[in-house]
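A.B. asks: Listed below are the residues making up each chain.
2 protein chains.
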Amino acid sequence: VQRFLVTRLGEDWIFLVLLGITMALVSWTMDYASAKSLQAYKWIHGELRGNIPLQYLAWVSYPLIFILFSSLFCHLVSPQAIGSGIPELKTILRGVVLKEYLTLKAFVAKVIGLTAALGSGMPVGKEGPFVHIASICAAVLSRFMSFFSGVYQNPYCYTDILTVGCAVGVGCCFGTPLGGVLFSIEVTSTYFAVRNYWRGYFAATFSAFIFRVLSVFNKDAVTITALFRTNFRMDFPFDLQELPAFAIIGISCGFLGAFFVYLNRHVVLFMRRPNAMTRFLTKHRLLFPAVVTLVIATLTFPPGFGQFMAGELMPRECINSLFDNFTWTKISGSPPPVGLGRSAAWLHPDVSVFIILLLFLLMKVCGCWAVCVCASAFGRLVGEIMATLFPHGIVFDGILYRIIPGGYAVIGAAALTGAVTHTVSTAVICFELTGQISHILPMMVAVILANMVAQGLQPSLYDSIIQVKKLPYLPELGFGHMSQYNIFVEDIMVTKVNFISSQSTYREVKLLLDSSSLKSIPLVDSKESMILLGSIDRLELLALCDWWLSPERRLLMQVRSTVLSAGIQCLIWESFAFVDEEEEEDGEKGSPVQEERNGPLPPPKPQEPSSNHTAPVPGELRGLHNSEYIFSFFFFFFFFWTVIQSSIKAWEEAEMDKPMEIDEIRVDPSPFQLVERTSLHKTHTLFSLLGLSHAYVTSIGKLVGVVALKELQKAIEGSTRSGVRLRPPLASFRDISNHNSVSKPPPSSPAAPSSPTSTSPPSALTAPHSVCVHFLILVLPHLLLIFCFIVFHI
Amino acid sequence: VQRFLVTRLGEDWIFLVLLGITMALVSWTMDYASAKSLQAYKWIHGELRGNIPLQYLAWVSYPLIFILFSSLFCHLVSPQAIGSGIPELKTILRGVVLKEYLTLKAFVAKVIGLTAALGSGMPVGKEGPFVHIASICAAVLSRFMSFFSGVYQNPYCYTDILTVGCAVGVGCCFGTPLGGVLFSIEVTSTYFAVRNYWRGYFAATFSAFIFRVLSVFNKDAVTITALFRTNFRMDFPFDLQELPAFAIIGISCGFLGAFFVYLNRHVVLFMRRPNAMTRFLTKHRLLFPAVVTLVIATLTFPPGFGQFMAGELMPRECINSLFDNFTWTKISGSPPPVGLGRSAAWLHPDVSVFIILLLFLLMKVCGCWAVCVCASAFGRLVGEIMATLFPHGIVFDGILYRIIPGGYAVIGAAALTGAVTHTVSTAVICFELTGQISHILPMMVAVILANMVAQGLQPSLYDSIIQVKKLPYLPELGFGHMSQYNIFVEDIMVTKVNFISSQSTYREVKLLLDSSSLKSIPLVDSKESMILLGSIDRLELLALCDWWLSPERRLLMQVRSTVLSAGIQCLIWESFAFVDEEEEEDGEKGSPVQEERNGPLPPPKPQEPSSNHTAPVPGELRGLHNSEYIFSFFFFFFFFWTVIQSSIKAWEEAEMDKPMEIDEIRVDPSPFQLVERTSLHKTHTLFSLLGLSHAYVTSIGKLVGVVALKELQKAIEGSTRSGVRLRPPLASFRDISNHNSVSKPPPSSPAAPSSPTSTSPPSALTAPHSVCVHFLILVLPHLLLIFCFIVFHI
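Sequence lines, in order, name chains A and B. Residue 43 in this note's numbering sits at position 53 of the first sequence; the count goes up by one each step and never skips. Residue 91 in this note's numbering sits at position 101 of the second sequence; the count goes up by one each step and never skips.
For the record, the hints were derived by calculation from the structure and aren't laboratory data. Given the structure is predicted, the values throughout are model-derived calculations rather than measurements. Check each hint, because a few of them may be wrong.
One copy or two, it doesn't matter: identical chains are merged, so the pair holds either way.
Said to hold, decoys possible - Straight-line distance between alpha carbons at most 30 Å, and here's what the computed DSSO-like set of lysine-lysine pairs gives: (1) K26 x K692; (2) K517 x K648; (3) K648 x K692; (4) K692 x K32; (5) K26 x K89; (6) K648 x K459; (7) K460 x K26; (8) K517 x K692; (9) K639 x K460; (10) K89 x K500; (11) K692 x K509; (12) K460 x K509; (13) K704 x K692; (14) K486 x K692; (15) K692 x K89; (16) K95 x K692.
Could you build all of it, start to finish, from the sequences and the hints given here?
C.D. replies: Okay, structure coming up:
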């Protein structure tokens, strides 16, 4: 019965349910804590009304404390928790192992840091870090589940588990199961197993369900509805004549998104360059976030500049008010109608709504979530302009329809986030967040236009971060370029391959190992035939060479030869028989592990790095310990005088020239092979499908070259010797929009290769550089602000 | 300039736009035509009011003519157009080539047939055939586009093109771009390239947009809104206490769906069994659809039985009225409120709404679209029951909320179609169709529950059809069964491999070709070493053998030897030099095609089946035509007396024992290889990722076995000699629900292997067997009907 229960508990759906519940609880708790914190913040601010200096001090110091705590906590507990986490996850799902990224420590650091950052009222994105949190949760849970079922220990399961983790992360962040699954797929994968769809939906729905039910139990909501529910009219959501306006929003969002990614990368690259300022910032890690927080808080201080940019609204309230049903330009003069609520913050008695929206827009270009806020503001701006242009609405069929600026805000939000992340599923997330799908067609049109423009100009934000952080990646192949079928592996492969033949001597192997840093080395039959037999791990070879020249082996060899010459043969024969038996056993044990390599996702097993070193030591040595040890010890003293120091050197030299014993080491018998005429398209497909890092090129069994990720990357980006130049997807739009003078910098920009954590991130959870962008952009509104101030008070 | 224009026109996005426009036009035209036809149908019915016999005649004969025309047309033009087409497309995307499925002829047959069937008012599904139509359209368009860009000729593009075609098909069928893309992915793919996401969205959105704009221009609609727009209240769409009811709908829909698939398969298998009735039906192909149409039309005749099952409503009107906002149980007694419209058809003065819904439900279990109608009716039934149980609505927070039975209908529709097709994205389609997303969480819960139950009990409808039609397929691997990692290729591989060594004689090759039907044969170095050098196509070998024993070659050889003996050497040497040159050229020309095999999707190029036969004939022969032909002809007569009939036999025998000339034929140098310890999970992944049909198993270069799709299929389904038994995904639920006594029949059921078109399909476009189910089920309501009649009139 117990065994039955244990296997039942190891079932897949239990894992999914557990993951869903855990993440829903985490998400809800974080939301609850940060909401309480924000409440306290506003309460303090309200209590101190009248005393402007004190009010200012409270307004500034409250977020400062939280941000500093969050920063410090992450730095101390787990520096891996810094940053959005999506680029790293994309790399991990690509098959690369990043250490310490999926540990419980990072989980704790990220959860507490994110809660503090959200609670500070600063515009910080939640869904990026949440993807990371959910993935850690999935990884940790799978380790726990392996107690019940061995499946979870299998490295091939890892991708399946992490993919579901990502889906749950986005899904339970806002209670959007559909959009969450789609977004996580678009952002993290290149090829996707459809069976994981189902699992993602299951876990994400469960998670979103619990997340929303918790808020019902907490009396936050009457029933389960959308998080940012809108109330647009449904019988006539928009007119066809409004479509050009939607298209304009889409295209401008595309340009904005591309510009954002461009700026982001350049600011980060600038920060990485070693100069006096960055050195100073690296030394005082906490200074930078503190200064940024200070500046933001000062600017949004409601009685100060904040009154011109709706500074008193917290990020969530912003979104809600931007999506509302009223047309602000119409209200601004007259007394506010009933039910306006927080939107009143946008209406300044003296300043036009447009200016406020514009200022707000310039303020909020930071972090991914803030991108959404910013885009809503932009959309709202266009909507309000439309409402001003057509003050009486649009006449159709004799009936007058008002324009709804809130709809424009929703579309703007979806289009800009779509442009920055290069995804279409932001539209789905928006539908789920607002609870209305009536704007589906204009929104899809806007998102697709934004994507076209942004993809033509820049890589996505996450790809850009991956490039900047110099993580291994494979660029996407565009569709429809003939050249990807005309370029073959033989054009891009490296023909000078380092290899080992079965006749190689130890000297050659040693030389090879010293001269290169390849992780695995191909083994060929002989130098003449070059028939590929397999590949050997670098560690195996190192261990073999070390052992071959080790003092133990030398002594053993001397013992043997001396014993033989001394004529005590009978004893030795007995012990040798024993040794041979052990050798056979050892060989058998080794084989199950041996041939597991070469396939989709070969993640090195980090749990046994030491055994890798010791395992290949041939059985001969181990036999020594049993019976021969006493003998060798005895003879060691007896024949000591024969071993003079100079003879050791001579022995080593002689041994180095002996051929290597191939039978003693593990050979991966089928490394991934391509033929010379494999097209670039197919190579790219295989590399991204199977997560390969390199492949050997063979011609009827003969090794003729090798292709690694680097060569492929170069070929796609157009810097190979054969003059290949493949343009990125949708590059035709890029040509059109070149007048924009935004040119993509070459990936090998002259940034100094500093460590990824060398810049001091401002808050633990936005991408570390995005706040730098923020910082840069803060100069603009400041100037504009003063300008406006002067203009309006004259 | 012209070249620039041509390449521009070959761009990917132009293809997508063209595809979108074409499909939107096709879809809209079909809708328009069938709507007009239905209008005429109703008009005739209305005009003849009062004259019951004449009215009946018109009611019955109208659909009869349309269905017979549609049936006949498809049979005559293209029999491949029969059936839903999704199973076939799934097989094509798997890498198998089905001939004649993607031709213009099938397109015409399907479009006209479907229009006629839709116009007949019979419950026929639109989206299944539409996927097929769109795929044909994409395939034809890509052939057209290859005029501008060579990319479209590449066979690897094919999958990309067809995937987008499927997405557009579903998307423009109802104007649901999001759901269309997701549904087509879930239904057709196993692994999906994320870059096709974007392309699918682009084309589907464009298509849906045009489709909806056309109806606006046609004044069918004021603006672009959802097709089956609902108007549920949004502030409080449902209460948490209603969730159990939603869950019940989900679970029962799961059982219903599984039962539907089960019934479907068994009826088809029964129809395939050769007996007197099926033989009769096969002979009179048109009889079966005619009878079915007659019976349906008779039953739905509004003044007759039709009044008890809302017979006068056309399928689309049904859905619209089922989704409406009124609670029918409340209305039925009192006078109908304003705005009830067509829902009035459901309210019979004497009979309860429940009975009508129940009857309607039993009527409509046919085709996939009809599944949707049926499920809506079921959901509505549950909703009405709920409304009766809680007549005053649900009290929450002191406010009374009415129950909306329409919401239940929507959820039921999504859950049942989801259960039958094993997809989650039906929920998305429902959101888009109704234009409301407020019920997202209960709908997702219901759909997922329905999927869990249905997946545990039965394969999906499409997989079931694939199995019944005996198309090649690969079963899905469940997640989390340890055994898939413990079973290795060595357990399932076939060790007795037919092979050719480089020393093989022609006799051996001939024997091998006669004894087996393998498509490609492995080539090894020698029988002793067994080192795999590559694989050879069957056609190549056949051509080589044929040529080796051909009279031409015999004569050539004799000519040569005779000429040599005659001493006219100088002449021959000249011509030989010529021949050698040609041989080299030929070898070079052959090579680009040569090594294109072995990778994802190797679809044979149907355009050059003949060249396959002629190409491998070595250059020697071709040289013959040039200069030696005159010689040979001359010597043929001169030495005729030396060639006696018996010597031919002897010559052939002698030639048969010569070793084969490997250099003369094309060898695929890297057929797909696995090692013995590759796990079943990895093998499955590779097979489904790369669309392999077989793979060789090697051990350090030595060929030790072969694994084909069949072995893998057997291993997964649990009938291998090693006693492996992998249960299907979610089988734990299957164990639980075994009391249902629905047991999955073994795939090798004793159905006679008749040809796929042997059963006579009733309408050209529903799956041919689904109407058989219909027929079977028709007996039930008939009896019930009479029973009810008696009960209610006593």
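A.B. asks: What hints, given by number in increasing order, does this structure fail?
C.D. replies: Hint check: 1, 4, 5, 6, 7, 9, 15, 16 fail, others pass.
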